[in-house]
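Student: Protein sequence lines correspond, in order, to chains W and E. Residue 321 in the numbering used here is what sits at position 321 of the first sequence, and the numbering runs on without skipping anything. For the numbering used here, count along the second sequence from 1 and bump the result up by 482.
Please keep in mind that the hints were generated in silico from the structure rather than gathered at the bench. One should not assume that every hint holds.
Label pairs and their computed distance ranges (CB to CB) [what the hints assert, rightly or not]: (1) W:305 x E:606: 19 to 29 Å; (2) W:326 x E:649: 24 to 34 Å; (3) E:811 x W:59: 41 to 51 Å; (4) W:443 x E:562: 31 to 41 Å; (5) W:330 x E:562: 37 to 47 Å; (6) E:873 x W:402: 54 to 64 Å; (7) W:461 x E:582: 36 to 46 Å; (8) W:383 x E:540: 52 to 62 Å; (9) E:540 x W:458: 49 to 59 Å.
Footprint (simulated), chain E over chain W, 3 or more residues, beta carbon under 8 Å [as the list claims (entries may be wrong)]: (10) 70 to 77; (11) 94 to 103; (12) 192 to 203; (13) 271 to 284; (14) 398 to 409; (15) 437 to 444; (16) 464 to 470.
For glycine and all other residues, C-beta sits at the position ideal for the given N, C-alpha and C.
Number of protein chains: 2
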Amino acid sequence: MSQQGVTPQSEDFSRWYTDVVQKADLADYSPVRGCMIIKPYGYELWEAVKGGLDRRFKATGHQNAYFPLFIPESFLKKEAEHVEGFSPELAVVTIGGGKELEEPLIVRPTSETIIGWAFQKWIQSHRDLPLLINQWANVVRWELRTRLFLRTMEFLWQEGHTAHATHDDAQAETMRMLGVYADFATNDAAIPVIQGRKSDQERFAGALRSYTIEAMMRDRKALQSGTSHNLGQNFAKAFDIQYTDENNELQYCWTTSWGLSTRMVGAIVMTHGDDMGLRLPPRLAPIQVVIVPIARKDDERGPVLEAVGRVEAALREAGIRVHVDDRDNLSPGFKFNDWEMRGVPLRVEIGPKDVQKNSVALARRDIPGKAGKEFVPQDGLAAVVGARLDTIQANMLQQATEFRDSHLREVTGSYDEFIDVLQDGWALTWFCGGAACEDKVKEDAAAVSRCFPLDQPHPGETGKCMICGGEATEMAYFAKAY
Amino acid sequence: MSQQGVTPQSEDFSRWYTDVVQKADLADYSPVRGCMIIKPYGYELWEAVKGGLDRRFKATGHQNAYFPLFIPESFLKKEAEHVEGFSPELAVVTIGGGKELEEPLIVRPTSETIIGWAFQKWIQSHRDLPLLINQWANVVRWELRTRLFLRTMEFLWQEGHTAHATHDDAQAETMRMLGVYADFATNDAAIPVIQGRKSDQERFAGALRSYTIEAMMRDRKALQSGTSHNLGQNFAKAFDIQYTDENNELQYCWTTSWGLSTRMVGAIVMTHGDDMGLRLPPRLAPIQVVIVPIARKDDERGPVLEAVGRVEAALREAGIRVHVDDRDNLSPGFKFNDWEMRGVPLRVEIGPKDVQKNSVALARRDIPGKAGKEFVPQDGLAAVVGARLDTIQANMLQQATEFRDSHLREVTGSYDEFIDVLQDGWALTWFCGGAACEDKVKEDAAAVSRCFPLDQPHPGETGKCMICGGEATEMAYFAKAY
């Protein structure tokens, strides 16, 4: 059964996505091409994502700061690969205060350059290292084909920027933050992710090595959900980020950057959602529990609302994010659908019979119909609800993991088999990493390499590249992707 | 005594301000004219401001959302006063993705227009009202003369935008949020503020009535620290924000907007700072307590650091934001100066004698020298520290209030006396509200009207305008201002 006005996933996943994002009030189109409006419910979800990440960043010693929105055009040109990668996507301010500007200003597409300039000023000695900075900001990349949350011209994100004394320190930071993203995705967003290294073709413009967390959406496409880059000394050399070491000699720093954006909201929608709408993991859900009072007759109303108030207070006291839907112009059935659409993990129903029996009905969003419903006593309800939320969180991760694992396959047979697997899921295969091979897969299957997973199935072994037959030292995932 | 490298306030207040903001690591200039870099310590202070406000916004029923950075030029032109007010300050994107844009995009100077467009879509019925939205965002206003935090081309702020069914509802909201700002300033930032209405000349471009909280800086200049506007139906009519009332008739909404920015950080610096540096109110201080271990000999180190660790854990356990300065290449004296510069409210010193006596030395930032120092037992220290922080918070508000009150005067005598008072403080006087009068004061005393205070000293009475002698129904504050 599908919610009214929502295209079923099986019919058109892309329309399903847009329908749900709009009907669940997450976001809407704006009058500015490519820019979206994040509505309160969607923004609250983003705030939960921010909170989960910010806590982890601070626990790993990072500090927030804020750098200018505008970047002088000349800055971008200092790192050759970087400017080449970003040039086609820039929004440029040419008029300020009514006058033509002498040097145009770029609206930041990312901030390596301006932060590199600051690091050069801030870092003198090895005592200043590591420098661990994060910025929460909006960035702009001129995109022609945009989709709510997944690819918008302006988006919100965090970008971490760090400087280190050695390559190994920078590499360790790059991997630490990839791990932070994976931990957040798995434990907060209930999204199982594969951590891996991008191919050279998919590297960040100006990086030595780029790493990614890749998640499988319900249409089996891959979504790059966060990236972490070892920038080597590329930006340090372009911006003269130097320090004096313990022997008083001048050395270039090694820098990293890593980012995760509002795209994560899209990942949550497409990993967990069904034809009834959103399904939100309890740890991130703006509303964890919705209470729907059920009183058909006027004389039922008083006792029901009294019980609702008591239950609400008990749940709130236990730190549970609870909302009472006391709208008097809507039927319970309408409300059930409405909160299912919004993905609230747990529904509490309280009617006249529940008042009599001192019980409530609980309905889980992750298990549809009667199987997900139970009647429990009002006494001690907060503990039961807390336990159910934990169960739902774990179950959603398990469901998503099972779905993913049933659609990834190691392929070592023929190229035809490889292409065939890509029609319906992800293929893990030997890959030499070459650009020509990558292009051929793109042409034959509209799929791309996602990553060389950190967790290689045959460590120490080598194989023949599935595409060209050349030597391959690692296996890579290929998939159709967003 | 003044901190090394800091210009004394008495010598040059403006240079004192810039010195302190930079030496306390709050912010720095950027390579983009008029834009600043907010450094980690300054950003943490801004996060505390955000936290204090956001909590209050949510407690009064507001929800956060996010709207596009770019606004079509045509939108701004829909409200005549609005476009006239903001036109000279706009940054304009004319190139996107390598191509000249058909319609230039304005980098938002404020978001009434784009949010008005959204409200028109979101509001249908009286049931949708009031609509209470807030946005945390960056905005850009092309300023020629900029100063860190006080006036920058790009700044961070929140802008509240609400829609209501009636004028009275909108007016009540306007005043409620002015009250929220005043409550935050007084109780969190320890800044006493005067709430009042702006003169027509100082009104927000497009508003019916603008209200302000005005604070007195240590140089006796006024700083507008937050504003709240009743926008009447001006934007509702420009953007067709309409609802059907209970009789099913179409009505225009009444809207409000209100904003507070990173300027508040400047207000905190200039209200509380002294020649030693910042003084931060404990409720907002990123670090409330700094512990400085004092061990001159090697064999003292172990016992001292053990005591430091114990005290740190006890304070942290009590929810106090504590930092241990264990840098081993710096002297205690250097550290004392450093943390005084950064305005940490309370310093704990622990040396070998303190270890023996099971005590610590406490030094208050708000009371210099020996008068602010005491020795207290380590046992039960967290409770004592908590109490001292409360005392410091209250004392800073009292100091600021006394300073302000000693520099404001009601003037009903001669115009010369009025102008004279303005050289050294604020003057409260009868004012007709006219533009010509305002201009004359600007010319004669380089001062402007700050507000008609809500709390009028002679309610119900009228008087003669101090400037033109015409009838005046209210008294207004005049002052030199930022």
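Student: I'd like to know which numbered hints this structure contradicts. Please list them from smallest to largest.
Tutor: 3, 4, 7, 8, 12, 13, 14, 15 and 16
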